[in-house]
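Colleague: Dock chain P against the given chain E, drawing on the hints supplied.
There are 2 protein chains.
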Amino acid sequence: MPVLVMKFGGTSVATLDRIRRAAKRVGVEVAKGYDVIVIVSAMSGKTNELVGWVGETSPLYDAREYDAVVSSGENVTAGLMALTLQEMDVPARSWQGWQVPVKTTSAHSAARIEEIPPENIMSKFAEGMRVAIVAGFQGVSPEGRITTLGRGGSDTTAVAFAAAFEAERCDIYTDVDGVYTTDPRVSAKARKLDKIAFEEMLELASLGAKVLQTRSVELAMRYKVKLRVLSSFEEQSDDAGTLVCAEEEIMESNVVAGVAFSRDEAKMTLVSVADRPGIAANIFTALSEGGVNVDMIVQNISEEGRTDMTWSCPTDQVVRAQKAVADAKSDGIINYHEIIADTDVAKISVVGIGMRSHTGVAAKMFQVLSAEGINIKVITTSEIKISVLIDRKYMELAVQALHDAFELEKAA
Amino acid sequence: MPVLVMKFGGTSVATLDRIRRAAKRVGVEVAKGYDVIVIVSAMSGKTNELVGWVGETSPLYDAREYDAVVSSGENVTAGLMALTLQEMDVPARSWQGWQVPVKTTSAHSAARIEEIPPENIMSKFAEGMRVAIVAGFQGVSPEGRITTLGRGGSDTTAVAFAAAFEAERCDIYTDVDGVYTTDPRVSAKARKLDKIAFEEMLELASLGAKVLQTRSVELAMRYKVKLRVLSSFEEQSDDAGTLVCAEEEIMESNVVAGVAFSRDEAKMTLVSVADRPGIAANIFTALSEGGVNVDMIVQNISEEGRTDMTWSCPTDQVVRAQKAVADAKSDGIINYHEIIADTDVAKISVVGIGMRSHTGVAAKMFQVLSAEGINIKVITTSEIKISVLIDRKYMELAVQALHDAFELEKAA
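Chains as they are written, first to last, in numbering that gives the first Met the number 0: chain E, 0 to 411; chain P, 0 to 411.
Some clues are possibly wrong.
What the hints assert, rightly or not - Simulated restraints, written as ranges between beta carbons of each label pair:
#, chain 1, residue 1, chain 2, residue 2, range
1, P, L59, E, E142, 35 to 41 Å
2, P, A187, E, G44, 45 to 51 Å
3, E, R150, P, D88, 28 to 34 Å
Keep in mind that the hints were calculated from the coordinates and are not lab data. If you're wondering where the values come from, they're calculated on a predicted model, not measured in any experiment. From the three backbone atoms N, C-alpha and C, an ideal C-beta is built for every residue, glycine too.
The shape of chain E in the complex, shown without the other chains:
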């Protein structure tokens, strides 16, 4: 029988009633003839409680013990989901990560799945079991210790299972009903997309649209897993939600798929840096070694052998960045007059596969912002994305103006 993977996030299994509702959705797919692998998160709030206890016990905790503690919430949901399905007369059983086993690296709290041997679960399907419920977010290291995949890791668990079991599709049930052209709370004209390409979803996911964990999209793209995002709180038709799929499967699409934004970006500038070969390398090596994730970079035109170097990074890494460059200065590696941090900025991005073949998207974006009187501080582009840093107070205005200008409220 074909295999379907269904993943239910924390809000979708937050209470026994919601677990029952999710189980009913699983029952519908079983009735259609699928053998189903269900990936569950912890009941919402549970993982945060456990993380809180660990932090209170040991601020600089041993990540192996952290993993042993915080993985327990998923085990509870998996067992309860199995019992709920059994009550509905659906043959089901739960599996913890080590039982499958979900083999991961030893990078505790941020482990990567290396292999999921399908034999154990497939042999149970062959015996008549119809649903395998697997605790998401967790695995087992080569040393036999419990690992976790990082927050949101259950999405990655789901996609990895879909790949390992060659599932027909991986349905991610969550508290939103799909992927939108932008956040509906910012633009009332935001439209749910029926389909979106992996590459676009990847840009949107990493740009702050919190629907899917970035790694799960990367994995889906690599293994060509059809990924569907849909709401566990609405009655579902077969084409509900948003399908994340290969570019080729999308017949018609807008040049721009969506407008993303992030408030968690800061702009930092090193003023009056000696402009000589290798200086950029020195600065960004120091930042990298200091654990700073630099996103955008701009270097001003040099004047009298000195220049300004500007970059953006997550707001919560500003202190770390200041320390990294100050240390590099006192070590004589770099030289500058001043460091300026501006946390009052936002990043706006337009994303779309269509940019590859359509020119003029960047020009149009800049015109729209200019017409609204919004000054652009930094620009970066990739093949399918243009991002700008602007004053945070203009963020909503910029999103709405761009959404209108690219006519995202209309389907292709």
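Modeller: The following block gives chain P in isolation, referenced to the frame of chain E:
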């Protein structure tokens, strides 16, 4: 280095503060030079919450899923205890049942430990780890599924580890400071025992003194594990609590060690049973097959070929017992006029190794009760115990009178 097993019950690890207090006790033993195996229960209330969810989800639950769910509380405590010890610079790590592995039978929810290979933990001790924290109450079946040992099973886990690792002692930290001659809430003269023999503890444990799980005492007796019961809420000296040990290690002891009682006992009588060979076997086979745990049995003198058969069983099994004998009657296996259930009774027992060599304990017990005007309904005796069933309203009076008569307030 010598190995010590320390077990902390749910109230002793109910909060992060209490886990810290328990960890400090562990640190004291490590400083003395012990390699310590710590067995932890779930934070108090957690297991009940999980059991409640399972019952609400599925009244006739799959015991395998029940075990997968309810075992998760211990995993949380084990990880938090490891982190707490690490914060105190004590090299420690947590182990879940399957990681040790604690090999059990497949009797889910009531599994028995079959083997605990010490190699994994011993090799870590050899590397310098000083404390292995093991999640109590759980193990793994030959099929690789999680099992639990039944409520209170962490005591059994602790004793089994003490046996497998040839520990010097197994310290059970709980919310009382030892084993008493009787319940201090019933007799103000109750005295804490410094030592008690395994056999006596076994009778007291199964008679309703809820300090230790019966199976843990059986196991300790079989493997000659020195078991100490002590409070986690008091400063401890080396001879704190009560040592449960072999008879030979107790130099002086009272003839009677303690007075136990149970309110959860019911008296049932089958009136006018045909008195022919095999009839007792038929009755008690029917009760046994009906899942009734019969404790005491009395058969009246036969008159005109008919007799009354009386037994005691736990109060919550009365309905089951009534159904079992009624079914046996309608199947023609037994014949009786009437069945009477009296749930208004209590069982009082005096227990002591010394009874083996001292006669007259039973006679004295009966005299004491008679002098108080308390009628005895049923009597049973074993080598080291005499139990009687009396009207429940006399329970406290009987306990106090017997405690006085046998001078249990005085040490031997």
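Colleague: Could you run down the list of hints and mark each one as holding or not?
Modeller: Evaluated hints:
| no. | hint | verdict |
| --- | --- | --- |
| 1 | P:L59 x E:E142: 35 to 41 Å | 39 Å, holds |
| 2 | P:A187 x E:G44: 45 to 51 Å | 46 Å, holds |
| 3 | E:R150 x P:D88: 28 to 34 Å | 29 Å, holds |
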